[in-house]
Structures are given as structure tokens and as C-alpha cells.
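Sequences listed follow chains A and B, in order.
The working numbering runs 495 ahead of the 1-based position in the first sequence.
The working numbering runs 291 ahead of the 1-based position in the second sequence.
Since the hints were derived computationally from the structure, they do not count as laboratory data.
Be careful, since some hints might not be right.
To be verified - FRET-style restraints, in silico, Cβ to Cβ: (1) A:E504 with B:G458: 42 to 52 Å; (2) B:R326 with A:D609: 26 to 36 Å; (3) B:Y547 with A:L576: 47 to 57 Å; (4) A:L506 with B:G311: 41 to 51 Å; (5) B:R298 with A:H507: 20 to 30 Å; (6) B:R298 with A:L576: 37 to 47 Å.
Glycine residues also receive a C-beta, built at the ideal position from the N, C-alpha and C atoms.
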Amino acid sequence: MEIKLFVNEKLHQINVKPEERLLDVLRDCLGLTGAKEGCGEGECGACTVIMDGQVVNSCLVLAVQAEGHSITTIEGIGNRLSPHPVQKAFVEEGAVQCGFCTPGMVLAAKALLDENPHPDKETIATAMSGNLCRCTGYDKIIRAVKRASEEVLK
Amino acid sequence: MKYVRPRSIAEAVRVAQEPGTVVLAGGTDLVLQMREGKIKPDCLLDLQDVPGLKEIKEVQDSLEIGSMVTFAQLGQSDLIRMNAFALWQACQTMGSPQIRQQATLGGNLGNCSPAADGIPPLLVLNAKVRLATLAGEESISLEDFLERFPLLNHGTLIMGFRLPLEGWKSGFAKLGRRRALAIARLNVAVAVKGQVSAEPVVRVALGAVGQRAFLSHSLSSALSGQAITPDWIEQAVNCAQETVRFALGERASAFYKRVAIAGVIRKALASLTLEGGKSSGN
Chain A
496 MEIKLFVNEK
506 LHQINVKPEE
516 RLLDVLRDCL
526 GLTGAKEGCG
536 EGECGACTVI
546 MDGQVVNSCL
556 VLAVQAEGHS
566 ITTIEGIGNR
576 LSPHPVQKAF
586 VEEGAVQCGF
596 CTPGMVLAAK
606 ALLDENPHPD
616 KETIATAMSG
626 NLCRCTGYDK
636 IIRAVKRASE
646 EVLK
Chain B
292 MKYVRPRSIA
302 EAVRVAQEPG
312 TVVLAGGTDL
322 VLQMREGKIK
332 PDCLLDLQDV
342 PGLKEIKEVQ
352 DSLEIGSMVT
362 FAQLGQSDLI
372 RMNAFALWQA
382 CQTMGSPQIR
392 QQATLGGNLG
402 NCSPAADGIP
412 PLLVLNAKVR
422 LATLAGEESI
432 SLEDFLERFP
442 LLNHGTLIMG
452 FRLPLEGWKS
462 GFAKLGRRRA
472 LAIARLNVAV
482 AVKGQVSAEP
492 VVRVALGAVG
502 QRAFLSHSLS
512 SALSGQAITP
522 DWIEQAVNCA
532 QETVRFALGE
542 RASAFYKRVA
552 IAGVIRKALA
562 SLTLEGGKSS
572 GN
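Could you put together the complete structure from these sequences and hints?
This is the structure:
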């Protein structure tokens, strides 16, 4: 069926099957491969995207469900020339190793900071508790988010 | 496969009658089950545009929660925190932040996982379930509803929940393999009504120790009508261990769960005394 998806401020008209996941449509139809399939069952957060300002697991959202909502992927929040403060902080703190969890982590952090600009470490950990990382041990990720929250102050 | 987003309850009920129609709430359970081939809908009935299912409101002596209210909404609601603390607590740790944004209370009941976090709190808070069928609306106590097999007849929709504001002080605790993003291996909800030092009425519900979460009448009668003291807590622990032992029988998890339940019920009872643990009308 034909649906309209509003992704990163652009409206896309695409043809999907009702059973196709948002994750697959983003990656395969729209070429937005930042969202990753880490587990396919909502247990790792590597597929995280922001929908209507809040994080969701795109592996558990059907593309047809997402019609009428506003979706932001990692590609929509910054780029090499002009990174988002969270992306900058991740790089500066060394919070990226293999990078597989990173898009999801960055989006979860951005969603948090958009709502709560000055979270403490516990709040950060809770907000990001739906994103798993096998490399970093989380410490630098949390420090990066804290750093990003302080950067925005300046 | 067809996909339909009705814009009224009447239309939703009508579509639900079609053979092969499956209801889509948040999707956090169903989407996975579809991918695994466990459920093969001919038609997906998406409830997200049906008005009136996403509200939390106080109506006379009750709290009304629409079936499409998400765990995130519940967990951020002062109304829920003040009047249904056990439910509020469950919503802090259910799933993950991402799952909580999508998952609905109605879907949690409809999917009816043995480990569902929403069900024990609703049980101890004496919730009623509002259902809609072609014949009209039905209201049934959650406890009675959970006796139905299958839980939902084809063509029946869960509209919402009604929690009477009867002055229940409630608490909840969950044990999982991690502190977040964990399915409950045990969950316990407790509710107390009346003066703690006099003869309170106590309700206890257990989850993840049977096919479905249940209200434990043995625990409730063992603990009601006595002052709440440290001895009472020990009695609760012993009785809970017996109940779990009986519920799990020969299952492999029995050894672990009948010991671990002690810690979970202690935690649930301790959370009764936290701020916000009392409901209005007390």
C-alpha cells in the first residue's frame, strides 16, 4: 500500500507491505542505514529512532503505523561539517568504539536533552537504559551526554 | 494482509468481527509475533486513531485509563502516581524507554504474558476491564476476566480500565536478569486499605509464577486483618514462598523462584510506604 512517511523533515511517498517494519523501510527504501538491526526484538536499542520527539524501537514499529508521525533518524540530527552537540561530545569523550550502538545512543541522548537539558548521571543512565553497548562499558557514553548537556549551556 | 485504522469505536468493533482480523495496539508484542510467524493476520486493525482510548482521567470515584494509554504516559502521570502507585512503579521499569513509548496497558493485558508487569498492579487495585463487542459494552473485574479461555473472544476489543478510588495504598516490585530492559522473572503487587496499625485489608498479586498473573487469595487472607509489623512481613514472606512453591510445582524455575520471591515481596511491601503510596479517599 502507498503511505507517506515524514522522515527528517521530508515527506516520502512509498509503497510498503503492512508487515514491513519501519527499520526495514528506513534502511532499504530510504537509504537511511544509521538505524541498525542489533536484535530485531526490541531488546538492544540499536534500531532506535525518534518518533514525535520520543525514542522508539524501529524494529517493533510497522512502517504503516508510522504514517502520520514525525520521524528523526541519526542522519537528521547533524553531519560531519556541523555535528550535533551530542555527536561532538561522543567523539571528544571517546564514547564510540565499534560504533554499532552509537546512532541509537546519540538519539536517546538527544531525546533526553531536548526534554531535560541538565540531567544528572542517574537520569542519563535511566533514559538510555534501552540502549545496549558491548564495547564501551557505558561510562564514557554517560560522560559524553553529561558533557553535551554542559556544552549547550555555553 | 490488509491494514485498517478505524476512526471510531463502532467502526473498530465492526472491523474486528471480520475473520482473521488481529488488533494492533502498540505493536511491541504483536510485531515480533508476526515476524516469528506465530500470528498471521489477514487484517491488522490499528487502534491508534480511535478517539477516547488514550486518556487518563478521574471520573467520580474512579480512575479511567484508556486501553491505548502507553506505559510512558502512565509512568509520567501524577494522577496515576497518587492513586495507583503500584501501577506507576511498574511503568518505571517495564520494558525500556523505547518500549514504554509504544506499549499500551490494553495490549499488555491482551497479550497476557505470564510476566506482564501491568497486570499484578491492576489486580490489587481492584480494576475492572471495559470491553466492547457488537452486543455493546461490558465491564468485568480483571480477576474474573483472567479466568476466560481464550482471554479475548474474536471481535472483542479492550476499551480501557476502571480503577475504583477506594483508598488503596499500593506497591510493586519486580525481579529481572538486569535492572532495566528485563522481562520479569518475578513480579509482585501489594495493596492495603485501612489503618496500617488496625485491621487493614490486604491484596497481593503475583506474576511470572504461572500461566497468568493472579490475585493470591491465600496471601490476602493470611495477611488481612492484622497490624502491619515486622512479624507480619515475615509471615508475608513465608506465605509467599509457599504460594510460589505450590504454583510452580515441578517446574525448573521453582527452586530459584520460591527463594527469590522473599526478596521481591519484601521490596514490594517496603515500597508501600514510599511517598505517593497512598491513594485518595484514604
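So, going through the hints one by one against the coordinates:
1. A:E504 with B:G458: 42 to 52 Å: Between E504 (chain A) and G458 (chain B), where Cβ atoms are some 50 Å apart, the hint holds.
2. B:R326 with A:D609: 26 to 36 Å: holds, 31 Å
3. B:Y547 with A:L576: 47 to 57 Å: holds, 54 Å
4. A:L506 with B:G311: 41 to 51 Å: violated, 32 Å
5. B:R298 with A:H507: 20 to 30 Å: holds, 24 Å
6. B:R298 with A:L576: 37 to 47 Å: holds, 44 Å
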